[in-house]
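J.: Listed below, chain by chain, are the residues.
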Amino acid sequence: MTLRGAPGSDRATIARVLDGDAAAERELYERHVDRVYRMAYRMAGDAELAREFTQDTFVRAFDRLATFRGEAAFSTWLGSIAISVTLTGLRQRKRRWDREIDLETAEPVAVRRESLEPDLRRRLFEAIDALPEGYRAVLVLHELEGYTHEEIGALLDIDPGTSKAQLFRARAKLRTALGPHAGDWNR
Amino acid sequence: MNEDPLDRLLDQARDQYNPPPPAPREDMWAAIEARRGGRTGMQRWRRGMSWRQPGTIRKLAWPLGIAALLAVGFGLGRLTQDGKVAPGRALGPTTPPEMEGSTSVALAGAALLHLSRTETFLTGFRLEAQARVPDPALLAGARDLLGTTRLLLDTPDLKDQRVRQLLRELEVVLAQVAQLQAEPTREDADLIVRELDEQGVLPRLRTSIPAGPAANISGES
Numbered sequence: 001m002t003l004r005g006a007p008g009s010d011r012a013t014i015a016r017v018l019d020g021d022a023a024a025e026r027e028l029y030e031r032h033v034d035r036v037y038r039m040a041y042r043m044a045g046d047a048e049l050a051r052e053f054t055q056d057t058f059v060r061a062f063d064r065l066a067t068f069r070g071e072a073a074f075s076t077w078l079g080s081i082a083i084s085v086t087l088t089g090l091r092q093r094k095r096r097w098d099r100e101i102d103l104e105t106a107e108p109v110a111v112r113r114e115s116l117e118p119d120l121r122r123r124l125f126e127a128i129d130a131l132p133e134g135y136r137a138v139l140v141l142h143e144l145e146g147y148t149h150e151e152i153g154a155l156l157d158i159d160p161g162t163s164k165a166q167l168f169r170a171r172a173k174l175r176t177a178l179g180p181h182a183g184d185w186n187r
Numbered sequence: 001m002n003e004d005p006l007d008r009l010l011d012q013a014r015d016q017y018n019p020p021p022p023a024p025r026e027d028m029w030a031a032i033e034a035r036r037g038g039r040t041g042m043q044r045w046r047r048g049m050s051w052r053q054p055g056t057i058r059k060l061a062w063p064l065g066i067a068a069l070l071a072v073g074f075g076l077g078r079l080t081q082d083g084k085v086a087p088g089r090a091l092g093p094t095t096p097p098e099m100e101g102s103t104s105v106a107l108a109g110a111a112l113l114h115l116s117r118t119e120t121f122l123t124g125f126r127l128e129a130q131a132r133v134p135d136p137a138l139l140a141g142a143r144d145l146l147g148t149t150r151l152l153l154d155t156p157d158l159k160d161q162r163v164r165q166l167l168r169e170l171e172v173v174l175a176q177v178a179q180l181q182a183e184p185t186r187e188d189a190d191l192i193v194r195e196l197d198e199q200g201v202l203p204r205l206r207t208s209i210p211a212g213p214a215a216n217i218s219g220e221s
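These protein sequences, in sequence, are chains A and B. Just so we're aligned, residue 1 is where the first sequence starts under my numbering, counting upward by one. Just so we're aligned, residue 1 is where the second sequence starts under my numbering, counting upward by one.
Bear in mind the hints are in silico, worked out from the structure with no lab data behind them. Values in this document were obtained by computation on a predicted structure and should not be read as measured data. Any given hint could be a false lead.
Simulated restraints on C-beta separations [as the list claims (entries may be wrong)]:
no., chain 1, residue 1, chain 2, residue 2, range
1, B, Asp197, A, Gly146, 41 to 51 Å
2, A, Ala177, B, Arg25, 17 to 27 Å
3, A, Asp63, B, Glu26, 17 to 27 Å
4, A, Ala47, B, Arg162, 37 to 47 Å
5, A, Ala177, B, Arg143, 47 to 57 Å
6, B, Leu191, A, Arg31, 31 to 41 Å
7, B, Arg162, A, Arg31, 40 to 50 Å
8, B, Ala175, A, Ala127, 47 to 57 Å
9, A, Ala47, B, Gln179, 37 to 47 Å
10, B, Arg132, A, Ala72, 48 to 58 Å
To be clear about the criterion: a stretch of chain A counts as covered by chain B if any three or more of its residues have a C-beta under 8 Å from a C-beta of chain B, and this derived list gives those stretches [unchecked claim]:
no., stretch
11, 18-31
12, 44-52
13, 58-66
14, 123-131
15, 167-178
All C-beta atoms in this analysis are idealised placements derived from N, C-alpha and C, irrespective of residue type, glycine included.
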């Protein structure tokens with residue numbers, strides 16, 4: 001299959017990469033790296049891991065670029081590699097970053113209009129971290145990153161309805177986890 | 001309409017749950033390039049890439065160019081014997097750093113291209129080693145570079161002592177990196193990186209490589 005697209009489009013750039021144009025690889029990278037890194041960081045919560053997952057994503061994507069058939073947008077194809085690399089990486093390491101240490105040592109992030117109470121924030125983040133992998137991915141992508149269920153379905157290779165169901169369950173689990181402190185957050 | 005308190009909480013968490021810092025674009029790209037540089041060629045061959053396939057020649061132009069330059073350099077070096085041309089005669093309009101001694105232009109070009117390639121590889125290795133246990137696919141690149149390093153050192157016509165000294169140091173470093181491929185560990189990689197840093201190998205490599213296209217290399221033809 002030959003990829004064709006308007007000059008400057010992802011498809012046109014991919015065609016140049018496949019034709020051996022090294023500069024085109026850099027163009028693709030520049031166009032998509034922030035989004036991939038952002039997604040990896042949100043899931044991993046660690047700069048080194050996010051960096052490693054982002055690099056793995058692009059290495060794998062470039063190696064497999066010839067298999068990209070153009071049926072979905074390149075950003076979706078790349079995003080599905082990124083989420084797969086990230087989830088697999090986190091699973092393989094069997095590693096959970098120490099949220100409590102992070103919270104105690106973390107610098108305040110920018111200026112916030114309305115900051116969460118530290119204790120409530122800790123509980124919420126712990127509850128998100130404790131979610132099953134699939135639920136956490138859907139929650140982070142939908143609630144924090146603003147992806148639609150259709151986009152999440154394409155990224156995780158699940159039905160959009162499954163994405164909605166997982167979000168519903170994730171939210172229910174958060175409510176349960178935060179239940180004993182309902183007075184703090186139900187106000 | 002009543003707002004769901006959980007929505008409010010999650011809305012506030014948006015800025016606070018693993019807020020991503022700016023992506024370290026350059027560092028990541030250098031590591032990606034280094035990793036791909038070590039295995040791309042083999043993978044493409046394994047996929048059965050045909051010479052007739054569009055773009056194949058262009059993809060192979062760089063490694064073929066280096067090989068050709070090396071071959072031409074060695075050949076010219078042998079043929080010219082004592083045929084030295086007036087000092088300072090340069091190829092091209094600019095005058096980049098010259099190689100000392102009576103090194104032929106082609107050989108000087110091949111040496112500088114090799115140094116440039118080694119610099120890219122070691123920069124990638126250093127970044128990778130700082131982040132994690134280096135990928136064996138990346139380490140495989142050290143063996144090729146080591147072979148070329150030895151080839152250049154064995155060439156009597158490469159007379160620039162500064163470059164020869166640098167190549168001797170690179171030979172040691174590349175041999176260590178190549179050995180790491182069998183059983184890569186973070187500790188061993190750290191030791192190599194520490195040695196690289198202590199000896200200032202990368203800064204010296206960079207100052208040995210003239211900025212701009214490698215074609216602007218002067219020497220004797």
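J.: Tell me the hint numbers this structure goes against, listed in increasing order.
T.: Numbers 2, 9 and 10 - these are the hints that the structure violates, sorted from lowest upward.
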